[in-house]
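Student: Chain residues, written in single-letter form:
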Amino acid sequence: GAGVSQTPSNKVTEKGKYVELRCDPISGHTALYWYRQSLGQGPEFLIYFQGTGAADDSGLPNDRFFAVRPEGSVSTLKIQRTERGDSAVYLCASSSPGQNNEQFFGPGTRLTVL
Amino acid sequence: AQSVTQLDSHVSVSEGTPVLLRCNYSSSYSPSLFWYVQHPNKGLQLLLKYTSAATLVKGINGFEAEFKKSETSFHLTKPSAHMSDAAEYFCVVRLGGQFYFGTGTSLTVIP
Chain R
1 GAGVSQTPSN KVTEKGKYVE LRCDPISGHT ALYWYRQSLG QGPEFLIYFQ
51 GTGAADDSGL PNDRFFAVRP EGSVSTLKIQ RTERGDSAVY LCASSSPGQN
101 NEQFFGPGTR LTVL
Chain A
1 AQSVTQLDSH VSVSEGTPVL LRCNYSSSYS PSLFWYVQHP NKGLQLLLKY
51 TSAATLVKGI NGFEAEFKKS ETSFHLTKPS AHMSDAAEYF CVVRLGGQFY
101 FGTGTSLTVI P
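Protein sequence lines correspond, in order, to chains R and A.
Mapping of the first sequence onto the working numbering: position 67 corresponds to residue 67, and the numbering continues sequentially without gaps.
Mapping of the second sequence onto the working numbering: position 23 corresponds to residue 23, and the numbering continues sequentially without gaps.
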């Protein structure tokens, strides 16, 4: 694919439900990042994968949030027992190896928890 | 500790006048630095990046930024603002594998 893709583009759910957000990075990019962006705010780091493993998950707000990348490509961000405060745009980005390489961002998934 | 600081949350300029968006970073060694732009309801787009090859970096749409190690700054400039430049701008520093975002500067261009 030409860029990072994210599905769905919009997700509306009810409080307490479980949701999964998917990210397809650029082929060959070993690093994958998840961010959360609330209205009027900058992207807030959640988790970063290098290959299949989570290199840094210090940004996950609590244990309701979990992410996987089982084959080192596609990643899924999972949110259990969603709360209204989880409503935000969830951004995924990927990066190729190398200190100087930038991130390429997907269009985001807008999550609304009613 | 804050790795990158954007000094202005909002900047307003008249069309055709210069733009200056300020960014300061904190790092014990020379990091990789980036500026991204986000237009309303659009994805983040890379404007330019500093990777130690040259201190003055030229990006897309006439933007440029200068890395000043002595001032730990990476301010974004453009000689003449265009209406289409109105957007949110983020300064980003890469330290190791991690990217740290500033809080963003909202640029308004007055016709």
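The set of hints was computed from the structure by calculation and includes no laboratory data.
Note that beta-carbon positions come from the ideal geometry of N, C-alpha and C, so glycine has one too.
Any given hint could turn out to be false.
Claimed, not checked - Partial list, computed: chain R residues near chain A (C-beta under 8 Å): (1) 2; (2) 24; (3) 28; (4) 33; (5) 42; (6) 43; (7) 51; (8) 54; (9) 57; (10) 65; (11) 100.
Unchecked claim - Here are the computed distance ranges between Cβ atoms for each label pair: (12) 41/R to 54/A: 30 to 36 Å; (13) 85/R to 15/A: 21 to 27 Å; (14) 40/A to 2/R: 18 to 24 Å; (15) 17/A to 52/R: 45 to 51 Å; (16) 40/R to 83/A: 45 to 51 Å; (17) 18/A to 70/R: 33 to 39 Å; (18) 98/R to 26/A: 19 to 25 Å; (19) 79/A to 18/R: 49 to 55 Å; (20) 110/R to 84/A: 34 to 40 Å; (21) 3/R to 18/A: 46 to 52 Å; (22) 76/R to 83/A: 17 to 23 Å.
Student: Each hint needs a verdict: does it hold in this structure or not?
Tutor: Tested hints:
1. 2: Because about 13 Å separates residue 2/R from the closest Cβ in chain A, which is outside the 8 Å limit, the hint is violated.
2. 24: For residue 24/R, the interface hint is violated, since the closest Cβ of chain A sits about 14 Å away, which is over 8 Å.
3. 28: Violated: closest Cβ of chain A sits about 16 Å from residue 28/R, beyond 8 Å.
4. 33: holds (7 Å)
5. 42: This hint holds: residue 42/R lies near chain A, its Cβ roughly 4 Å from the closest one there, short of 8 Å.
6. 43: Residue 43/R check passes; min Cβ-Cβ to chain A is 5 Å, inside 8 Å.
7. 51: violated (11 Å)
8. 54: violated (11 Å)
9. 57: violated (12 Å)
10. 65: violated (18 Å)
11. 100: Holds, about 4 Å.
12. 41/R to 54/A: 30 to 36 Å: holds (32 Å)
13. 85/R to 15/A: 21 to 27 Å: With a Cβ separation near 39 Å, residue 85/R and residue 15/A fall outside 21 to 27 Å, so the hint is violated.
14. 40/A to 2/R: 18 to 24 Å: Given about 23 Å between the Cβ atoms, the range holds.
15. 17/A to 52/R: 45 to 51 Å: The hinted range 45 to 51 Å holds for residue 17/A and residue 52/R, with Cβ atoms some 50 Å apart.
16. 40/R to 83/A: 45 to 51 Å: Violated, at about 22 Å.
17. 18/A to 70/R: 33 to 39 Å: Roughly 49 Å apart at Cβ, these two residues miss the hinted range, so it is violated.
18. 98/R to 26/A: 19 to 25 Å: holds (23 Å)
19. 79/A to 18/R: 49 to 55 Å: 51 Å Cβ-Cβ, so the 49 to 55 Å window holds.
20. 110/R to 84/A: 34 to 40 Å: About 24 Å separates the Cβ atoms of residue 110/R and residue 84/A, which means 34 to 40 Å is violated.
21. 3/R to 18/A: 46 to 52 Å: violated (32 Å)
22. 76/R to 83/A: 17 to 23 Å: Between residue 76/R and residue 83/A, where Cβ atoms are some 40 Å apart, the hint is violated.
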